[in-house]
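Residue numbers (the working numbering), protein chains in the order written: chain A, -14 to 309; chain B, -14 to 309; chain C, -14 to 309; chain D, -14 to 309.
Incorrect hints may appear among the rest.
Because identical chains cannot be distinguished in the list, a pair is counted as satisfied if it fits within a single copy or across any two copies.
Said to hold, decoys possible - Here are the simulated BS3-like pairs of lysine-lysine, each with C-alpha atoms no more than 27 Å apart in a straight line:
#1 K77 - K171
#2 K62 - K(-12)
#3 K264 - K219
#4 K153 - K264
#5 K77 - K268
#6 K(-12) - K153
#7 K268 - K62
#8 K62 - K264
#9 K219 - K268
#10 K153 - K219
#11 K(-12) - K219
#12 K219 - K245
#13 K62 - K245
#14 K299 - K(-12)
Hints in this document: simulated from the structure, not taken from any laboratory.
Number of protein chains: 4
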Amino acid sequence: MIKAGIIGGAGYTAGELCRLLLNHPDVEIRFVNSSSNAGNRLTDVHEGLYGETDMVFTDALPLDEVDVIFFCFGHGKSAEFLTTHDVPAHVKIVDLAQDFRLAAPGNDYVYGLPELNRAAIEQAVHVANPGCFATCIQLGLLPLAANGLLGGDVSVNAITGSTGAGVKPGSTTHFSWRNNNMSIYKAFTHQHVPEIRQSLLQLQPEFDGAVDFIPYRGDFARGIFATEVIRLDKDMEAEEIVGMYQEYYAEAAFTHYVDKPVDMKQVVNTNKALVHVDKFGDKLLVTSTIDNLLKGASGQAVQNMNLMFGLDEKAGLLLKPSAF
Amino acid sequence: MIKAGIIGGAGYTAGELCRLLLNHPDVEIRFVNSSSNAGNRLTDVHEGLYGETDMVFTDALPLDEVDVIFFCFGHGKSAEFLTTHDVPAHVKIVDLAQDFRLAAPGNDYVYGLPELNRAAIEQAVHVANPGCFATCIQLGLLPLAANGLLGGDVSVNAITGSTGAGVKPGSTTHFSWRNNNMSIYKAFTHQHVPEIRQSLLQLQPEFDGAVDFIPYRGDFARGIFATEVIRLDKDMEAEEIVGMYQEYYAEAAFTHYVDKPVDMKQVVNTNKALVHVDKFGDKLLVTSTIDNLLKGASGQAVQNMNLMFGLDEKAGLLLKPSAF
Amino acid sequence: MIKAGIIGGAGYTAGELCRLLLNHPDVEIRFVNSSSNAGNRLTDVHEGLYGETDMVFTDALPLDEVDVIFFCFGHGKSAEFLTTHDVPAHVKIVDLAQDFRLAAPGNDYVYGLPELNRAAIEQAVHVANPGCFATCIQLGLLPLAANGLLGGDVSVNAITGSTGAGVKPGSTTHFSWRNNNMSIYKAFTHQHVPEIRQSLLQLQPEFDGAVDFIPYRGDFARGIFATEVIRLDKDMEAEEIVGMYQEYYAEAAFTHYVDKPVDMKQVVNTNKALVHVDKFGDKLLVTSTIDNLLKGASGQAVQNMNLMFGLDEKAGLLLKPSAF
Amino acid sequence: MIKAGIIGGAGYTAGELCRLLLNHPDVEIRFVNSSSNAGNRLTDVHEGLYGETDMVFTDALPLDEVDVIFFCFGHGKSAEFLTTHDVPAHVKIVDLAQDFRLAAPGNDYVYGLPELNRAAIEQAVHVANPGCFATCIQLGLLPLAANGLLGGDVSVNAITGSTGAGVKPGSTTHFSWRNNNMSIYKAFTHQHVPEIRQSLLQLQPEFDGAVDFIPYRGDFARGIFATEVIRLDKDMEAEEIVGMYQEYYAEAAFTHYVDKPVDMKQVVNTNKALVHVDKFGDKLLVTSTIDNLLKGASGQAVQNMNLMFGLDEKAGLLLKPSAF
């Protein structure tokens, strides 16, 4: 059994990691660290765990007793943690924050998108887990980049569930405001655009268009649904492009091309991503959808862990779709 | 034009009062007091007012410039305010908090439920506006009490929208938690039971049963839907009881007996209350429903103001139902 | 009092017309025609009318007893009706279907968007009420077209409530499917694009870009929220463009430019439209939002009627925002 | 591997059975019968199965090729099916309809509530799977009946998700109506009361009170949340009663007593039931909650199958809670 530790354990992604790892056939949670909740039961904080664990949060950090650590900090805190703590070199790390997602001198974290970097992840000791929006949008665009089809600007509209905003209550997650409402935020300036661009450039280095991303606040708790529109520079049949998608994802464990329109609840509560493509004149419309907490965060973290330890990529991730 | 002041102007009930009074044909808002928002525009705080007002919050209290004041404080703060401020004797007060709802020596506030106390409200200078749950539940039970039909315990289950919990974000109004969820709180101990009992006893002084009230948190923003079950002591036809309801509400401006099952959205965004009765054996099942912010708070406050000033009871309250 | 008739009275837009006209100070509903519901009470079909009317549906068509008729048919049925019935020449018509929205030889219907055609509507006997999406999207783009600023393609993403899909139950309005779900339909092919283009060309005849419109099914009942993105051909300051919007809507009764981000519930249950503009590099991002049943249908129909009869444009449309 | 067949495969419970059995370690789905969908892929009908199966519906009934059959018919159709088809005697049957839930001469179906009849289920060839409301309400009341504590009438209020109303669209599952709405149906007359009474009498034969059940339509897709109130005839401490619940469910695989208030999303998308008890004076308030499609239907069907075949009771049912 792989022994896992979770640090920053009181947030949504840590809760979802607990829910996944408690049922993972090859993993045992050794500790869940949360200074603010030390001594409390997991069930006091993370909904849905009654009957599954009696575990309590700890403020201890037995880093040498585990094989893998998941960082569930807020952004910026992972790097800070590493400057003040010694993680043994053999202990693998999956960082769910954005601290190490962008390549930089001295950054040995592999960007943990299996559909892009599976081989590297399998060899990695340190993995930077992608952002939720970034995962969904990249999965819509990677086959185009892989085939050099990205030309001009990419228009992206994507809507996310309230869990994307974290557990701390605030005005934009107040039920009275968000219920049946619709709004946008951080349009054209969202922090996930750089990691999206980094991945697109990895596959199509000459891409120089903009990624114009408008994020919407959805009045649902889980899920991301995205549309990506590009103008095709060359004359191609839709079938040819669909074939590229099918080929690109032929071996993907959780990402599937679907030959008809997809909806978000087809993936909510699973680690799956679904992608569909339509062509209208010279415009290509891609639809992609994931669960923001699973494929967009904790599920992908477990998928990365599976790859890092040579386990079945799907271990612990065969989740019943919720569908409704 | 009646000149109105609103104190405690940043909360939900104050916002709804503004939305109502801005369109009231006989009222002009003279000031909206909020120390925390002084200088901000109403539109910065209260959704939906763009294009309707350029008014700003004030921290001034020109109490002698108005004919009526609405207290939109948290519970307990109205009494406190009155000990530290001099409200001119001729200025009418409608208190939306619970400070003066229960009769007590020296309390000259009339309990402002028009279906119970219309004549007294018309003469009142000070009115204590009923609680939201209390309004809905009483409207289901008053005709029974008026006819001396309450015998043993009354079983009440009522579900409320998230706006009932106020504007301050918290864990039970976090969208991620409340959306698609169901839970109860303060069962058998809710603070509205005493005012319900007071009204029932006003009509049926010998009533000595319990009011067993279970409040539910609804995953919607507006509205209250309640069921009340009593056991009938005497053998009566359903038609006879229905007739009592129809008679009791024959002259009511906003409360209507409906001869088939009702649903909550029939009243949401209106000042109306709908009531329906069914009889099963010796059990009577009453259904009553209101909008918690209107008939359950700000709408009823305006209705009370209309009565206090001799205006048309419906003035400013002919609201388009939202229905969907 | 203006006497009004409603034909096709069982659908959502007819219900909303009833809710509006029952409170309209200058209008009396003479008949609501619905062959399928003849003899039933309005309250049997249209939620929220208890206590407001005892009116019943009729299958009669006393066309000579009214001053104005509202056609609430499904698309195509208005034209069909007119070939088989004689509407007296002096009776004004507001058609809520799309039959007469596009200019054509022999079509004397004025396109009823007051922000575009107020003067013509005031003189019109026949008005074609715009589509819901079309209204929202045009209100976001008209000031640009009026200033000749539309250059290349316009990227439009807009999400609508389930009432947009009509009263007849179906798989995409089944609660179990739509709740917390997200999906798109009719992307790049929606039937409202031609009327949008017609209006843009009316103001900017040389505009030859595409209107790439992706409609989303929202998991809410009412409202439309739209984003429109264009690339600016010339170098302009954001302030200059904002000024154009403010000027264009300076006299508009219900459409307002707002100087900060807007959300949909600010307009739901009102006849208002809110518009906001941001500029990012050479891209302009416009946000516009309306209630699909009011400004997007029945509210705008009443607004057009008000203009056609020389009434106050806002008569009967001073609706309390629901906000939550 | 146990070979399973599903008949009546196009409805919600069949879809959920497919989602469960596709991941069940000991079961292989041999056929999913649906005459109306024969030839279609499961993914065409049951959301969420993309990437998990290429199976198609069949109109064949290879009853001799399977070890167990699940009947997912509408009520009444299971009995009808058995009069016209020969199911081999060794083939086990789990009937999800209500046809065989009530004991009757010649009815050899065991009532499949493991918390009540585990030993009998383990020996059964035929099991009648309990109703959704019936499961939730019984789990709240069984420990009381087991201890002879039920005295007078039981007041039950329970709210269910829209999936309880089935896949066929109708007016009460129309999103526009149900969203943010609240209503009741079949109060005091719901068809699940007889099976609830049968179980209570099995444990406490002298119980002669009524089960006054008011069902509510919830504006969510999945889950049931119920409150049960009884008056205690004898003077007992709350702790003693809690102890009875803990003891009664000590060995239960999926039903847990929780020592603080529970909410519905703690169980949605799992096969778990949570129960909590409070005491107010001589009244006992029980709260119980389940997922209507899992513990209330397909999950319990799999649990029963596990018991009938001597498998681990939890096999295939270790489902990640959705929590949000």
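Verification of the hints:
For the homomeric pair K77 and K171, neither the shortest alpha-carbon distance inside one copy (33 Å) nor that between copies (47 Å) is at most 27 Å. Taking the shortest Cα distances, K62 and K(-12) sit within 27 Å of each other inside one copy (23 Å), while across copies they are farther apart (51 Å). Proximity of K264 and K219 under a CA criterion of 27 Å is satisfied intra-copy only: 13 Å inside one chain copy versus 30 Å between copies. For the homomeric pair K153 and K264, neither the shortest alpha-carbon distance inside one copy (41 Å) nor that between copies (31 Å) is at most 27 Å.
Taking identical chains as interchangeable, the C-alpha atoms of K77 and K268 are never at most 27 Å apart, the minima being 43 Å within one chain and 43 Å between chains. In the homo-oligomer, the alpha carbons of K(-12) and K153 never lie at most 27 Å apart, since the shortest distance is 29 Å inside one protomer and 41 Å across protomers. Proximity of K268 to K62 under the C-alpha cut-off of 27 Å is found in neither arrangement, the shortest distances being 41 Å within a copy and 34 Å between copies. When the C-alpha separation of K62 and K264 is checked against a cutoff of 27 Å, the pair qualifies neither within a copy, at 43 Å, nor between copies, at 32 Å.
Proximity of K219 and K268 under a CA criterion of 27 Å is satisfied in both settings, with 11 Å inside one chain copy and 24 Å between copies. Within a single copy, K153 and K219 get their C-alpha atoms no closer than 47 Å, and across copies no closer than 43 Å, so neither meets the 27 Å cut-off. Within a single copy, K(-12) and K219 get their C-alpha atoms no closer than 51 Å, and across copies no closer than 51 Å, so neither meets the 27 Å cut-off. When the C-alpha separation of K219 and K245 is checked against a cutoff of 27 Å, the pair qualifies only within one copy, where the shortest distance is 24 Å, while the shortest distance between copies is 40 Å.
Within a single copy, K62 and K245 get their C-alpha atoms no closer than 42 Å, and across copies no closer than 32 Å, so neither meets the 27 Å cut-off. In the homo-oligomer, the alpha carbons of K299 and K(-12) lie at most 27 Å apart both inside one protomer (18 Å) and across protomers (24 Å), since each shortest distance falls under that limit.
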